[in-house]
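Trainee: Protein chains in written order, with this note's numbering: chain B, 1 to 287; chain V, 288 to 427; chain A, 428 to 566.
Among the clues, some could well be false.
[Unchecked claim] The calculated DSSO-like cross-link candidates involving lysine-lysine, where the alpha carbons are at most 27 Å apart (straight line), are:
| no. | chain 1 | residue 1 | chain 2 | residue 2 |
| --- | --- | --- | --- | --- |
| 1 | V | LYS323 | B | LYS222 |
| 2 | V | LYS418 | V | LYS359 |
| 3 | B | LYS11 | B | LYS123 |
| 4 | A | LYS543 | B | LYS275 |
| 5 | B | LYS53 | B | LYS123 |
| 6 | A | LYS430 | B | LYS222 |
| 7 | V | LYS359 | B | LYS84 |
Hints in this document: simulated from the structure, not taken from any laboratory.
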Amino acid sequence: MGANFIEILRKSHSVILEKWIDSQSNIMTFNDDLISNQEIREQAEELLSAFLKNLNEDNASNGDAPEFDEVVEALSDLSISRAKLGFSPKETGVFVNGMKNAIMDTLEAGMTAAPAELYAASKQLHTLFDNFNIVTFETFIRGREEVIIRQTDEISEISTPVIRVWEGILALPIIGTLDSARTQVVMENLLEAIVETGSSIAILDISGVPAVDSLVAQHLMKTVAATRLMGAECVISGIRPEIAQTIVHLGIDLSNIITKASLAHALRFSFQSLKLEVRKVQIPANR
Amino acid sequence: MSQMISVITKQSMLIQQDQDVVPFRNRVKECAVKLKMGLVNQTKLITAASELVRNMLKYGRGGQVLIESVSKRNQFGVRLVFIDKGPGIPDITLAMKDGYSTGKSLGLGLPGTKRLVNEFEIESTVGVGTKVSIIKWCNG
Amino acid sequence: MEKIPILRMGPFLLVTIQVDLYDRLALNLEADLIKTISDTNAKGVLIDISVVSIVDSFMGRIIGNIASMSKILDAETVVVGMQPAVAITLIELGLPLTGVHTALNVERGMELLRSKVNLSDYSSSEDEDEYESDDQRDY
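My request is simple: use the sequences and hints to build the entire structure.
Mentor: Right, here's the structure in full:
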């Protein structure tokens, strides 16, 4: 009995396709310059064909059925390509739902004599399409996640420079939030620089770190501890007054760490530690 | 940690004596290098493996380790499963607290090891044995 | 049976760890070192770990032991050449390595020792050379 609705759908293949495409052209959100009508038609046809071809009475409510792999793949490709073209996930979702609506309308028209079967078929198809919608969403998000991961890596690379301010003295201006992933990058860069340059003092300037809570403080302390294991010393500078206040209120103990208000102070301290002196040079009276 | 993880390669090693530790560590390193894991993460993984395998020898009377390269969604990693038929750990919560010590260890074994890896699971039954599973992702 | 060589450099001893230490080797090292400190009246010990890529709590304990034992015999210990990845891992692992000084390399390590150690009560007629204990112990 269930096979009936599948046959109806297969016979109405082109009717469904036209209904679907018509419904899309009524939607104002479509960007004509991003995708041509011809492409829309081709994508719709591909999806509809894959769907109708593989639909049978057993898998009518199971989106995970292996027969639908082709459909899922087509959906994923569609989602990713739309994402790359700049469509919002809503626009893509609306497009896919267009197929569902076209199918439901067609079914309704073709099964007026059998309301009970129509209801049963509708239930199954709705479950199926819910699955498909989820696939569309997941693919979209995964695509975005990949971009974010790539960008995060790039940002990590460029935002932790190690500067040799003087022989034996390194400076690291840390800009942005200091999470555990970032901390590992900072530590790695810093320690390797210490080995390469034989530096004995590293100045960590945190004026570019927006917020310092217990977790960030922990990351800073780990960095200081690691530096000490390498036989060098760490000075933390650039502590804004609000940060100092937050640190005390949170009960964070920085007594083991050398802190200076500014990079300049930290530098002076470093020179002193290395027994270096900066003096104004006297220019002789006659040239 | 079990869902959605696929196993790419799998090998097993028997650990029965001190001399098995180094070859084991080398195997783990090979696995990590093949997945192009960075040096710091490699070091953390192998150090964690070293801690756990020594535990297994010292308290568990030796056992078996599964070395697997795995993947989940976008990332690849190394999973190690340590299985022994030793006396078991009576109070796991206590063992996981920093500062816990039964032997002459520094009392840092399990909690410290857990910090080195991304996923850590431990099951133990007194009189039966212990099973510890860890995963270190390449970009973890 | 491998033995880790102990090099003598004036009032200091230098131990370079190049192989993975396992129980017996580690215990032997501790014993050798202590005996040598005592025999030579050494004031400092440098442990070079520049080719050690994994330091776990076992190794950490050995180093800690060496530092404590040396201290009892009035010698300071400096660990030199720690690799960055090892340092980062040790911090995460939470190994305290108390009582152990660290330096970037042997040269810096010796400078550090000189600044920390009272050399006035050091006396020995021997120059820098490789010092091995006389008794051939059967391992």
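Trainee: Now look at each hint and say whether the structure bears it out.
Mentor: Hint-by-hint comparison with the structure:
1. Our distance criterion of 27 Å between C-alpha atoms is met by LYS323 (chain V) and LYS222 (chain B), whose separation comes to about 26 Å.
2. A C-alpha spacing of about 22 Å is found between LYS418 (chain V) and LYS359 (chain V), which places the hinted pair at or below 27 Å, so the restraint holds.
3. Proposed proximity of LYS11 (chain B) and LYS123 (chain B) is supported: the alpha carbons are some 21 Å apart, at most 27 Å.
4. Restraint check for LYS543 (chain A) and LYS275 (chain B): satisfied, since their Cα atoms lie roughly 18 Å apart, inside the 27 Å limit.
5. Only pairs whose Cα atoms come within 27 Å are accepted, and LYS53 (chain B) paired with LYS123 (chain B) is accepted, the gap being roughly 20 Å.
6. In summary, the hint linking LYS430 (chain A) to LYS222 (chain B) is not supported, as the alpha carbons are separated by about 35 Å, beyond the 27 Å threshold.
7. Among the hinted pairs, LYS359 (chain V) with LYS84 (chain B) is consistent with the structure: their alpha-carbon atoms are about 24 Å apart, no more than 27 Å.
The structure does not agree with numbered hint 6 stated previously, though it agrees with all others.
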